[in-house]
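> With these hints in hand, go ahead and build the complete structure from the sequences.
There are 6 protein chains.
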Amino acid sequence: MKRPSGRAATELRAIRLTRHYTKHAEGSVLVEFGDTKVICTVSVESGVPRFLKGQGQGWLTAEYGMLPRATGERTQREASRGKQGGRTLEIQRLIGRSLRAALDMGKLGENTLYVDCDVIQADGGTRTASITGAMVALVDALAAMKKRGQLKQDPLKQMVAAVSVGIYQGEPVLDLDYLEDSAAETDLNVVMTSAGGFIEVQGTAEGEPFQPEELNAMLALARDGLHELFALQRVALETE
Amino acid sequence: MKRPSGRAATELRAIRLTRHYTKHAEGSVLVEFGDTKVICTVSVESGVPRFLKGQGQGWLTAEYGMLPRATGERTQREASRGKQGGRTLEIQRLIGRSLRAALDMGKLGENTLYVDCDVIQADGGTRTASITGAMVALVDALAAMKKRGQLKQDPLKQMVAAVSVGIYQGEPVLDLDYLEDSAAETDLNVVMTSAGGFIEVQGTAEGEPFQPEELNAMLALARDGLHELFALQRVALETE
Amino acid sequence: MKRPSGRAATELRAIRLTRHYTKHAEGSVLVEFGDTKVICTVSVESGVPRFLKGQGQGWLTAEYGMLPRATGERTQREASRGKQGGRTLEIQRLIGRSLRAALDMGKLGENTLYVDCDVIQADGGTRTASITGAMVALVDALAAMKKRGQLKQDPLKQMVAAVSVGIYQGEPVLDLDYLEDSAAETDLNVVMTSAGGFIEVQGTAEGEPFQPEELNAMLALARDGLHELFALQRVALETE
Amino acid sequence: MKRPSGRAATELRAIRLTRHYTKHAEGSVLVEFGDTKVICTVSVESGVPRFLKGQGQGWLTAEYGMLPRATGERTQREASRGKQGGRTLEIQRLIGRSLRAALDMGKLGENTLYVDCDVIQADGGTRTASITGAMVALVDALAAMKKRGQLKQDPLKQMVAAVSVGIYQGEPVLDLDYLEDSAAETDLNVVMTSAGGFIEVQGTAEGEPFQPEELNAMLALARDGLHELFALQRVALETE
Amino acid sequence: MKRPSGRAATELRAIRLTRHYTKHAEGSVLVEFGDTKVICTVSVESGVPRFLKGQGQGWLTAEYGMLPRATGERTQREASRGKQGGRTLEIQRLIGRSLRAALDMGKLGENTLYVDCDVIQADGGTRTASITGAMVALVDALAAMKKRGQLKQDPLKQMVAAVSVGIYQGEPVLDLDYLEDSAAETDLNVVMTSAGGFIEVQGTAEGEPFQPEELNAMLALARDGLHELFALQRVALETE
Amino acid sequence: MKRPSGRAATELRAIRLTRHYTKHAEGSVLVEFGDTKVICTVSVESGVPRFLKGQGQGWLTAEYGMLPRATGERTQREASRGKQGGRTLEIQRLIGRSLRAALDMGKLGENTLYVDCDVIQADGGTRTASITGAMVALVDALAAMKKRGQLKQDPLKQMVAAVSVGIYQGEPVLDLDYLEDSAAETDLNVVMTSAGGFIEVQGTAEGEPFQPEELNAMLALARDGLHELFALQRVALETE
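Residue numbers (the UniProt record's numbering), protein chains in the order written: chain V, 1 to 240; chain B, 1 to 240; chain P, 1 to 240; chain W, 1 to 240; chain E, 1 to 240; chain R, 1 to 240.
Hints were generated in silico from the structure; no laboratory data involved. A hint or two may mislead.
Identical copies look the same in the list; a pair holds intra-copy or inter-copy alike.
Straight-line C-alpha distance at most 25 Å; calculated DMTMM-like pairs for lysine to aspartate or glutamate [as the list claims (entries may be wrong)]:
1. Lys107 to Glu213
2. Lys146 to Glu11
3. Lys53 to Glu110
4. Lys23 to Asp35
5. Lys146 to Glu171
6. Lys83 to Glu73
Written as structure tokens, this is what we have:
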């Protein structure tokens with residue numbers, strides 16, 4: 001088996017995390033997983049959605065979008081279609097759940113964090129890149145809140161990152177790009193904490209069903225890749 | 001640990017599959033997983049969506065809905081809100097992917113199967129009940145197509161069923177009802193073929209992250225439950 | 001003249017009213033007029049719409065829907081079309097007006113009753129079945145409110161029921177099914193109180209205009225049918 | 001009983017029908033029922049909706065709107081709300097059904113007539129004024145089609161007009177204005193052909209239910225008013 | 001060069017301003033620029049949009065619409081399409097900005113003025129007719145507010161009017177009608193105050209780019225036309 | 001007068017045009033006017049909108065968007081609001097008209113060019129930056145079409161660029177940033193061809209009306225700035 005990119009089965013794409021990418025947001029990161037590029041911003045607003053009012057806790061919500069020509073063929077702009085598609089909603093729900101797992105909402109105060117992940121170039125794995133990059137932007141946003149005196153305690157419980165794995169030509173491979181993703185028999189997205197617990201495991205057979213042992217092989221591969229991603233997040237956050 | 005329903009950890013709720021539940025659809029099944037009740041219909045229309053035209057193959061698409069008072073508190077009707085929510089879209093995409101795995105689209109001819117799963121009473125596990133029930137309605141719809149001479153070959157590749165498992169009070173339990181679902185630490189939906197391969201595995205940590213060994217314990221529990229569900233589907237389809 | 005169903009011109013279809021059909025709603029009735037089957041639920045919520053706030057009176061509002069394959073040909077789901085059609089809005093406005101006539105809103109307190117009528121199988125007369133069945137669910141919902149101490153006085157003024165009549169092959173017939181409805185020259189829906197007063201009279205010439213004497217013949221037929229329906233409502237409510 | 005306007009119970013408001021009111025439409029009439037003023041245009045387009053294609057017959061469809069400040073309090077523009085309300089849809093369906101009864105669609109050819117009724121000032125009875133005025137515009141539009149050679153036969157079967165009647169302070173009165181309409185116990189809209197047959201009869205009890213004899217008294221009153229309206233339509237059409 | 005209408009290059013169409021055109025609105029004017037006819041109403045409501053609350057100042061907002069058959073070909077009703085088009089939004093934003101320039105919002109109190117401009121017949125220049133006519137309705141609405149004691153000071157700073165100019169067959173012409181507008185090389189809309197200052201200048205090359213000297217020639221022509229329009233507004237307001 | 005940025009009145013911000021910014025689009029440019037950053041892509045699709053079919057000419061259409069946190073305060077995503085706002089539609093109509101002026105549509109063949117301008121960071125002047133940057137992406141897209149043999153003739157008639165000018169503290173200044181824009185008395189956007197003709201001139205008085213001589217001073221300033229922008233476009237296009 002030879003991957004289209006020439007990568008080893010266990011090899012991530014080149015990962016780049018550029019902090020302070022835009023100037024207005026409390027946290028702003030350009031994350032690149034190879035040719036997949038996503039701008040992740042985290043915005044802080046005081047107040048919480050109605051269902052949480054008066055409970056003394058905060059909230060985090062996520063939105064996801066793609067520029068129309070982030071993809072090989074132009075896709076219609078959701079704003080002009082008048083609604084977000086099912087794929088978009090599914091991904092933004094996943095990003096939101098994943099990042100909420102990083103926080104202790106009770107320590108956030110009655111504030112809402114808006115996470116926006118906008119794909120400016122897509123080459124597979126946009127949701128996993130989004131989660132991994134937005135996590136770094138989230139840490140920056142919390143730091144901005146501390147600086148402004150908006151936090152009494154640190155709400156950060158743990159770091160979260162995500163990666164995709166799949167069965168490509170019969171073998172498990174890490175961090176699928178678009179060519180692999182289109183041809184993979186199975187596609188698995190794994191969201192994990194830095195302590196090694198799973199937040200989300202979403203596997204889909206695109207062609208043939210997958211077997212328990214294949215699932216375990218993919219999960220092992222994902223865990224190794226995720227440990228690399230946690231290291232890269234750490235490096236990015238330590239560099240000013 | 002004691003389950004609110006008094007069931008054993010490995011015990012499914014009472015499952016009922018009532019075929020020919022309504023008279024117009026080519027396949028129509030009322031599926032009950034305990035107090036969860038879903039009407040699943042499969043409708044046959046000639047023609048396929050534009051992206052498939054002229055390729056000589058068929059398509060299957062699914063829609064999911066809930067009556068406003070299927071739930072403990074009334075939820076607003078999506079038709080009057082003017083759009084389907086993210087949860088609805090996510091579930092109907094899952095149902096569609098799962099049932100497409102049961103079919104060889106090349107043998108379906110240029111026909112589209114519309115699967116409609118409408119929850120009339122919800123008590124947890126509506127998506128897994130929907131897949132399991134709609135699979136039976138799908139077999140009936142294919143039989144109706146054969147009778148009318150709309151099929152030259154049998155497009156059915158394999159049966160598909162789905163069940164949820166979770167970690168409840170520290171222990172893996174099968175087929176969560178609403179009370180368990182609300183309190184579960186982890187929730188896993190498994191869609192499998194009768195041959196034992198996975199179509200979808202979707203696990204979500206609601207509270208604490210889950211560990212690989214917990215995932216494996218839940219998957220084993222799911223597989224046992226799914227074998228029971230395949231047997232119940234078989235019995236339902238053999239009875240006229 | 002022979003009716004497709006073989007019924008006499010003055011004969012209702014088999015009417016069934018199944019109370020407590022689903023478990024969550026304060027009132028829940030499955031109403032069947034022959035093959036027409038509608039789930040009617042009544043949900044109680046405290047508070048009233050803005051235009052009534054602070055006036056010490058209650059409100060009742062109705063919504064109507066059809067499962068996509070309730071009909072001979074699948075109809076597109078209104079939730080996925082993004083809006084309710086004109087026919088749906090017209091019917092739910094009629095159901096709401098009809099049932100409000102049964103109540104003294106001043107005795108309801110600042111509560112809102114949501115009536116949901118969802119057609120699971122259609123064979124003509126879905127709006128009249130909805131009103132007749134929802135009336136029974138409404139009585140159950142009021143009983144639930146009394147039990148919970150939400151009512152100081154009884155808001156029920158009178159029972160309401162509805163039936164369709166039409167001119168079929170030149171003769172007035174009661175309670176049209178789909179085959180008759182499609183072929184009828186005139187279609188009249190009558191909503192009446194148990195005391196014999198009219199709430200709504202809606203007659204439409206589908207082909208030839210109708211004459212005053214035909215209108216009177218149809219109204220007489222409707223009144224007889226409605227007295228039977230009031231008796232059936234009473235029986236249903238007296239049985240536990 | 002004294003009517004707010006001082007009219008006799010059997011007296012219509014001042015009715016005016018101004019033909020050729022705007023210059024672009026094939027038929028264009030300003031209809032006034034007292035202070036209620038509606039611009040009715042009929043536009044001819046070749047082709048028919050999909051469900052009628054290839055059947056060699058025509059179609060007529062109607063739309064209804066109100067300028068935001070046609071009413072005492074400004075109402076929100078439906079175009080900016082993003083949808084037409086239930087009342088609007090109900091009225092435009094009624095106008096369409098009523099005017100289709102005037103035509104033999106088989107003689108219209110594969111053409112569609114768009115009837116637009118836009119209320120520029122409202123004072124009760126906008127739907128009956130719309131039908132009565134649009135009927136005149138429809139005759140003008142047919143004449144324009146004949147002139148252009150678009151018609152081989154005359155599709156006009158009969159004239160149609162509409163009026164409201166009601167029970168006001170216990171007595172039947174003709175052609176309710178806004179003050180009466182708001183206070184009426186019962187409101188009845190009658191659409192009739194010039195030959196005296198009913199097209200639509202829609203009666204609604206706003207307060208107390210109404211009795212069969214009241215219905216008959218109202219219908220008699222309506223018929224007298226409608227004969228006057230047919231005469232006024234005739235006069236308008238005979239004057240150039 | 002000969003204008004289709006035979007007008008001189010510097011000649012406005014026949015302008016008519018009919019005040020008190022409809023009875024409900026605080027200000028209501030029918031404005032006619034030749035065959036272009038627009039109903040302009042101004043409605044007064046107490047309260048302001050959220051972004052202005054508590055600042056002691058008022059607001060003015062405008063909406064624009066066209067009856068479907070105001071134009072040569074019927075255009076689809078925006079209310080039934082479910083949204084206002086880009087052209088509509090652009091025009092109503094222009095009307096709003098233009099009329100806000102006439103007022104000192106600080107003297108309006110916390111009131112909102114809703115300006116509605118509805119085109120009942122279009123023949124070019126609907127936006128300039130709307131601004132010119134709505135300005136007169138606005139003066140009437142302020143008078144109504146004074147009468148009711150809703151104003152302590154006069155918020156009117158200056159009169160505003162608008163006209164279009166263009167390059168038609170190489171020459172600048174004033175107040176384009178539809179025929180000219182369709183054929184013009186350049187189209188310029190000018191909104192001015194009675195003191196001669198510009199509020200808006202919007203020029204668009206439809207074919208060839210335009211030169212600074214052409215712009216200046218058009219602006220001069222516009223200014224002359226606008227002085228005539230201010231005189232006509234004055235006359236209309238002085239006549240009761 | 002001192003500009004907040006310290007620039008001279010006649011000084012543009014630092015302008016950067018980065019070609020081939022993303023990899024999928026036929027033309028892709030990141031344009032920066034100081035801190036305003038817009039990704040401009042041009043996508044080529046065969047076929048034209050219905051109103052142009054069979055006329056042997058092409059079309060160009062533009063869409064504009066802003067990432068939610070491109071601005072100082074997060075703005076709601078238009079895709080999740082369900083519609084594009086008036087400002088967005090106004091800007092994208094302006095971009096489309098401006099760029100169409102650069103092309104001879106008859107030489108484009110039956111192809112459609114989609115221009116997407118997405119603001120990733122906003123600091124004033126996003127519409128003028130979009131036009132200036134998208135013009136460069138358009139040239140690249142035409143080159144890609146030539147390479148693929150999609151063009152027989154060169155459709156490029158002329159280069160187009162845009163800049164804003166304004167009256168800030170009484171003096172005309174070039175290329176307003178956000179701080180100036182918010183405080184400017186007048187704001188003028190000028191779209192020009194490289195030959196010096198105007199395509200669009202849109203001036204708006206934000207506070208006091210502006211005088212003809214001020215307009216002329218602003219136009220002169222704009223022309224000088226535009227000549228610089230044309231030079232920068234040329235340099236960018238000559239560099240590979």
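> Taking the hints in turn, state whether each one holds.
Each hint tested on the structure:
1. Proximity of Lys107 to Glu213 under the C-alpha cut-off of 25 Å is found in neither arrangement, the shortest distances being 40 Å within a copy and 31 Å between copies.
2. Taking identical chains as interchangeable, the C-alpha atoms of Lys146 and Glu11 are never at most 25 Å apart, the minima being 37 Å within one chain and 39 Å between chains.
3. For the identical chains of this complex, Lys53 and Glu110 are neighbours both inside a copy (8 Å) and across copies (23 Å), given an alpha-carbon limit of 25 Å.
4. When the C-alpha separation of Lys23 and Asp35 is checked against a cutoff of 25 Å, the pair qualifies both within a copy, at 23 Å, and between copies, at 8 Å.
5. Taking the shortest alpha-carbon separations for Lys146 and Glu171, neither the intra-copy value of 46 Å nor the inter-copy value of 39 Å comes in at or below 25 Å.
6. Proximity of Lys83 and Glu73 under a CA criterion of 25 Å is satisfied in both settings, with 20 Å inside one chain copy and 23 Å between copies.
Comparing the model with each numbered hint stated earlier shows that hints 1, 2, 5 do not hold.
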